[in-house]
Amino acid sequence: MKKRGLTGRKQQAFYGILYILPSFVIILMFSIIPIILAVYFSFTKYDMYSPAEFIGLQNYVGVFKSATFYSALWNTLKYVIVTVPVQTLLALLIAVFIADKIRGLYGALLKSTIFIPVIVSNIAAAAVWKVMLKTKGGIINSFLGVFGISDVNWLGTKALAFLCICLVTIWKNVGYYMVIYYAGVMGIPKEQQEAALMDGASPAQRFWHVTVPNLRPITYMIVTLGIISSFQIFDIVFQLTGGGPGTSTITLAYMVYTYAFSNQKLGYASAIAVILLLFVLAIHWLQDRVFKER
Amino acid sequence: METARKKISPMGIIGTVLVTLFALICVAPLIYMLLMSFTQLRSLYIRWDEVTFNLRNYYTIIFKNDFGRSLLNSIIVTVLACIWTDLVCAMAAYGFEKKPVPGKEKLFKIFLATMMVPSQVTLIPLFLTMRKIGWLNSYAALFVPMAGAFGVFMIRQFMKGVDDVYIEAAQMDGCPEYKIFFKIILPLIQPALVSLTIFTFVACWNSFLWPLVANTENSMYTFTVALSLLNSQHDTNYGLSMAAATVSFAIPFALYVTMQKQFIEGIALGGVKG
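If you read the protein sequences in the order shown, they are chains A and B. If you're matching positions, the first sequence starts at 45 in the numbering used here and goes up one per residue. If you're matching positions, the second sequence starts at -8 in the numbering used here and goes up one per residue.
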C-alpha cells in the first residue's frame, strides 16, 4: 500500500512536470535566455551580419558619452514625472467622486465611457490625436481659433510636442486606473465613512482621513505600474512625433528600437536596454522596501 | 444622515459637470475618428458642409491592397494567442498548484521575476532567436511568446480556490489524467480563462513593437503595424487613416460592449501585472 502511494506520488510529480513543461520552455526560450543574451550583447559590437565581437564596457562608455542618451533619459524621467501624478490623481478623484456622488445608471455610464480609451491601441490613439493636433486645419487649432488664438504648432515645437505625448498617455490611462481605484473605494468599510460623517467630518476631511489612507495599497500599486509602464513608452512616441522635433521626445525605449533596427548597432542598443532594465528593477526594489516598511 | 448624503451641493454639481466633461474628452477623439473615416480628405482645410460621406475607405481596407490581409493576420494571430495562452497557462497553473513537483515554488518565483522585465530588453535577443529558428514573418513568432508568466500567475491565483476533492474523486474513479484536466479542471476555472482571454485578446490585438520588428514582409503585417505605416506615408488620406484606426478600435470595442463586466474585471486583474 505504502509503496503504491509513493509511486502514485512520483507519478503525480511526473504529470506535474509535463503540465509545466510547455510554459517553462516558452519562458526559457523567449524570456530568460533573451535576458541573459541582452546582457551579453551589451558587451559586444554586433551588427546582425558579422558575428558579435566582445568589446567589454565600450558600449556603456559610448552610451554615457552620448548626448542623445541623456536627452532620452531626461525625457523618459520627465515623462514619468508628468504622467504618473496627473493620471493617478485624476483616476483617484474621478473614482471617488463617482462612487460617492453619481451612483446609479449615470455613474455606471460615466465609468464605462471613461474606460473606453483604455482599449484603443496606442497606435490608433496617436493616429487620431495626430490628425486633431495638425497645425493647419486640425480640430484643436480650429477650436482655439474660435477664441482668437492663432494656429499652434503642437508637434513641431519641442516643449509642446512633449506635452502632447503626455496628454495622449494620460487620456489613454486614466480609465484604467480609475477602474482599479473604483473597486478599491467600494471595498472601504461603510462603518468608517459613517463614523466620520457622525463626527461631522467635511467631505474634504473624509477624503483625506478615510478614503486616501484606505486606498494606500492600491495607490502604491498604481503608481508602480504607472512608473514602469511610462518608463517603457514607445508606441505613442513612434506614431506621434518619431522622437522629434530634434531629440525632444526621444525616450530610452525609442532609442533601443532605433539603434537596433534602424542603425544596426545591436550591442549599443542592448547596453541602453540593460540600463532601462536596471531602472525598472530599481523601481521594483524601492516599491518592495516601501511595502515592507508599511 | 441620509439627507446629508442626498442633498445636492454646489460641489456635487460642479463635480458632476467636470466628470461628464472628462468623459466627453474621452470619447470625442473617437467620434471625430469615426466621422473622418467616412471622408477622403487629403487636407484638413475644409468646409464640412461640402464634404461627402461614404464607405469607400472601409471597402479599401477590407478588399484592397495588403490591408485586408493584415486584418486577417491580426484576427488569426489574436485567436491563436488566446487559445494558446489559455491552454499553456492553465496547464502550468494546474501543475504548479495541484501537483507535487519538487522545487516548483522556486521555479514559480523565476516565472514571476520574468514579468518585471521590460519588453525592450528582450526585444533584440528575441528577434535574433526567432531569426535563428526561422520564425520571423510567421504567425508563430507573434502568438507563441504570448503565453507568459502573467497568465500562469493569474490562473494559479484562481486555481487555489478549486477544491482538491474534485480531483481526488476523479482519481479514485480511475479517470485518466488528461480527462481530469480537460473535463474537470478547465470547466472549474472558466471565469479565470475568460479574464485571461480578454486580456490576451486586447494585448495581442494592440501590440505593436514586437510585430513591427518580427514581421517585416507586407503580407505578414498585423493590422496595427499596417495602420502605423499608413500614417507615415506622405500623401495621407486622412479619411483612410481614420477608417483604419476605427477598424482597429472597433474589434476590441465590440468585445468590450458585449462583455463589459468580465472585461473590466479582467483588465483590473491585468493591472496586477501591468
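Certain hints may be false.
[As the list claims (entries may be wrong)] Within a straight-line C-alpha distance of at most 27 Å, the following computed BS3-like cross-link-like pairs (lysine-lysine) qualify:
| no. | chain 1 | residue 1 | chain 2 | residue 2 |
| --- | --- | --- | --- | --- |
| 1 | A | Lys89 | B | Lys170 |
| 2 | A | Lys54 | B | Lys123 |
| 3 | B | Lys252 | A | Lys54 |
| 4 | A | Lys309 | B | Lys123 |
| 5 | B | Lys174 | A | Lys54 |
| 6 | B | Lys151 | A | Lys54 |
| 7 | A | Lys89 | A | Lys309 |
| 8 | B | Lys174 | A | Lys234 |
| 9 | A | Lys202 | A | Lys122 |
| 10 | A | Lys54 | B | Lys100 |
| 11 | B | Lys252 | A | Lys145 |
Don't read these hints as lab results, they were simulated from the structure.
Now for the hints, and whether the structure bears them out:
A C-alpha spacing of about 52 Å is found between Lys89/A and Lys170/B, which places the hinted pair above 27 Å, so the restraint is violated. Restraint check: the Cα-Cα separation between Lys54/A and Lys123/B comes to about 37 Å, which exceeds 27 Å; the hinted pair is violated. The suggested pairing of Lys252/B with Lys54/A is violated, with an alpha-carbon distance near 42 Å, which exceeds 27 Å. Restraint check for Lys309/A and Lys123/B: satisfied, since their Cα atoms lie roughly 19 Å apart, inside the 27 Å limit.
For the given pair, Lys174/B sits about 23 Å from Lys54/A by alpha-carbon distance, which is consistent with the 27 Å threshold. Under the criterion of a C-alpha separation no larger than 27 Å, the hint pairing Lys151/B with Lys54/A is consistent with the structure, at around 22 Å. Restraint check for Lys89/A and Lys309/A: satisfied, since their Cα atoms lie roughly 7 Å apart, inside the 27 Å limit. Straight-line distance between C-alpha atoms of Lys174/B and Lys234/A comes to about 42 Å, which puts the hinted pair past the 27 Å bound.
As the CA atoms of Lys202/A and Lys122/A are separated by approximately 13 Å, the hinted pair is consistent with the 27 Å bound. For the hint linking Lys54/A to Lys100/B, the alpha-carbon distance of about 23 Å falls within 27 Å, and the restraint holds. Straight-line distance between C-alpha atoms of Lys252/B and Lys145/A comes to about 21 Å, which keeps the hinted pair within the 27 Å bound.
Checked against the numbered hints given earlier, this structure breaks hints 1, 2, 3, 8; the rest are met.
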